[in-house]
Amino acid sequence: MRSVKKQSGMALIVIFMLLMSAGALFFMTKAPQLMQLSASDKEAQVLVKDRTERLIVAITAYHRATCQIGIVTQDTLQEGGFLQKPVNLPQLNDIHLKIEKSGYSAAAVIDAEKPQNLAVLSEIMPLGASVSGDRVKYVRSISDRSTPMQRMIMADINLYSANHC
Numbered sequence: 039m040r041s042v043k044k045q046s047g048m049a050l051i052v053i054f055m056l057l058m059s060a061g062a063l064f065f066m067t068k069a070p071q072l073m074q075l076s077a078s079d080k081e082a083q084v085l086v087k088d089r090t091e092r093l094i095v096a097i098t099a100y101h102r103a104t105c106q107i108g109i110v111t112q113d114t115l116q117e118g119g120f121l122q123k124p125v126n127l128p129q130l131n132d133i134h135l136k137i138e139k140s141g142y143s144a145a146a147v148i149d150a151e152k153p154q155n156l157a158v159l160s161e162i163m164p165l166g167a168s169v170s171g172d173r174v175k176y177v178r179s180i181s182d183r184s185t186p187m188q189r190m191i192m193a194d195i196n197l198y199s200a201n202h203c
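Under our numbering, the residue at position 131 of the sequence shown is numbered 169, and the numbers go up by one with no gaps.
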């Protein structure tokens, strides 16, 4: 019985070592691509994070006020007073804004073409962005109030309008 436990323990160690080496290989091949940032890329990285957050807050506020699901345009957000001016995301083209609902929870979605330099996305990747094929998709749950600005805006919206979605 002990030899079986010892062998299974050794097998787990071997599997762990293989996973670690695969992770190291991924880091060595992909990390340089993410780490090479020029000054303009660093600025673009910060702008993408800030403007993405601004769009998410606007989409969230729009959904809370209208309960709409589907494609949303920046013009619609502006006309409704949820966005002051159009937002462009540096190095990201063909941007689509959506509100998707799967099950009970709705989510704000920003979908765009994948930039040539993935380093621009490194600030939003840990926050919910994913790259699939030639598209970047950033998804944030409507009920997620993770930033102070978003919590403040959502508190005001909830105060003056019932959450009826």
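These are computed hints drawn from the structure, not numbers from a lab. Here a beta-carbon is modelled for each residue, glycine too, at the ideal position from N, C-alpha and C. Among the hints, erroneous ones may be present.
Claimed, not checked - Keeping only pairs whose Cα atoms sit at most 27 Å apart, straight-line, the calculated DSSO-like set for lysine-lysine is:
(1) Lys-175 with Lys-136
(2) Lys-80 with Lys-152
(3) Lys-152 with Lys-136
(4) Lys-139 with Lys-152
(5) Lys-123 with Lys-80
(6) Lys-152 with Lys-175
(7) Lys-87 with Lys-136
(8) Lys-87 with Lys-175
(9) Lys-139 with Lys-80
(10) Lys-87 with Lys-123
(11) Lys-175 with Lys-80
(12) Lys-152 with Lys-87
(13) Lys-139 with Lys-175
(14) Lys-123 with Lys-136
(15) Lys-152 with Lys-123
(16) Lys-175 with Lys-123
Claimed, not checked - Distance ranges between label pairs, derived from CB positions:
(17) Pro-124 with Arg-173: 33 to 43 Å
(18) Gly-141 with Lys-80: 33 to 43 Å
(19) Glu-138 with Val-169: 29 to 39 Å
(20) Ala-77 with Gly-108: 31 to 41 Å
Holds or violated: are the alpha carbons of Lys-139 and Lys-152 at most 27 Å from each other?
Holds - the C-alpha atoms of Lys-152 and Lys-139 are around 24 Å apart, at most 27 Å.
Has the given pair, Lys-123 with Lys-80, been kept, meaning a C-alpha gap of at most 27 Å?
Since the Cα atoms of Lys-123 and Lys-80 sit roughly 23 Å apart, the hinted pair holds (cutoff 27 Å).
Between Lys-152 and Lys-123, is the straight-line Cα distance small enough, at 27 Å or below?
holds, 24 Å
Holds or violated: Lys-139 to Lys-80, with C-alpha atoms at most 27 Å apart
Judged against 27 Å, a Cα distance of about 33 Å means the pair is violated.
When you check the alpha-carbon spacing of Lys-87 and Lys-123, does it fall within 27 Å?
holds, 17 Å
For a C-alpha distance cap of 27 Å, please report whether Lys-152 and Lys-136 respect it.
holds, 17 Å
Below or equal to 27 Å on CA atoms is what counts here, so check Lys-80 against Lys-152.
holds, 17 Å
When you check the alpha-carbon spacing of Lys-87 and Lys-175, does it fall within 27 Å?
holds, 13 Å
Mind checking the alpha carbons of Lys-152 and Lys-87 for me, to see if they're no more than 27 Å apart?
holds, 15 Å
Quick one, are Lys-139 and Lys-175 close enough, alpha carbons at most 27 Å?
Within the cut-off at roughly 15 Å; holds.
Can you confirm whether the C-alpha distance between Lys-87 and Lys-136 stays at or below 27 Å?
Roughly 18 Å between the alpha carbons, so the hint for Lys-87 and Lys-136 holds.
For the pair we were handed, Lys-175 and Lys-136, check the Cα-Cα distance against 27 Å.
holds, 11 Å
Violated hints, in rising order: 9, 17, 19; the structure is consistent with all others.
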